[in-house]
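Undergrad: If you read the sequences in order, they're chains A and B. Per this note's numbering, the first sequence runs over residues 1 to 109. Per this note's numbering, the second sequence runs over residues 110 to 225.
The hints are all genuine.
Some but not every residue of chain B turned toward chain A, in silico, with C-beta under 10 Å: (1) 113; (2) 115; (3) 142; (4) 149; (5) 152; (6) 153; (7) 154; (8) 201; (9) 209; (10) 211; (11) 212; (12) 213; (13) 214; (14) 216; (15) 218; (16) 221.
In short, the hints are calculated from the structure, not lab data. Note that the Cβ used here is the ideal one computed from N, Cα and C, for glycine as well.
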Amino acid sequence: DQQVKQNSPSLSVQEGRISILNCDYTNSMFDYFLWYKKYPAEGPTFLISISSIKDKNEDGRFTVFLNKSAKHLSLHIVPSQPGDSAVYFCAASGNDMRFGAGTRLTVKP
Amino acid sequence: DTEVTQTPKHLVMGMTNKKSLKCEQHMGHRAMYWYKQKAKKPPELMFVYSYEKLSINESVPSRFSPECPNSSLLNLHLHALQPEDSALYLCASSETGGAGGPYGYTFGSGTRLTVV
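Take these sequences, add in the hints, and give me the full structure.
TA: Shown next, in the form of structure tokens:
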């Protein structure tokens, strides 16, 4: 039972433009939603999170939006930079941590 | 030290071999985890060692066995693996147990395992 889904395996954007990565979940009991970033040959690193009682959290170029009624969250990166090219995992935490399959973001110069 | 260290980075083993994956953290975290990740799939939780108690995902076959010598180390012993066990094995830790709260887990860089 995959409770966290990232339906877009890949996304390509131009440098300076906005990147929007999407994630859907099925369990209303999650406490936090998190985004991790993964470069090749490295483990995932924590990027940003949002509490289930919030609808927006911003940290520099990164903003996460949570729509509880739609069970949907998104990560916005503005402006996108070539160094942002990586695989982004959405995760949801409750009693444990559940991950999506990841979206590969490519930012073209 | 804010790292989770995993060794080896790569491992090729035969189906009759016995090997171990090692994971170490010195952040004083109270919980450690093993995840298995296949290509284009989400990481799947295998084991949790939290506050000196081991929790096992019941779908994990017995050819994988975790060992926690102390609160900083979590090893994964491998025996009689199958080719379908080839995957990236990720170790992680968190300051508290459960799902790690708003800061989630700190991951190691993983061990790429190939079973031949």
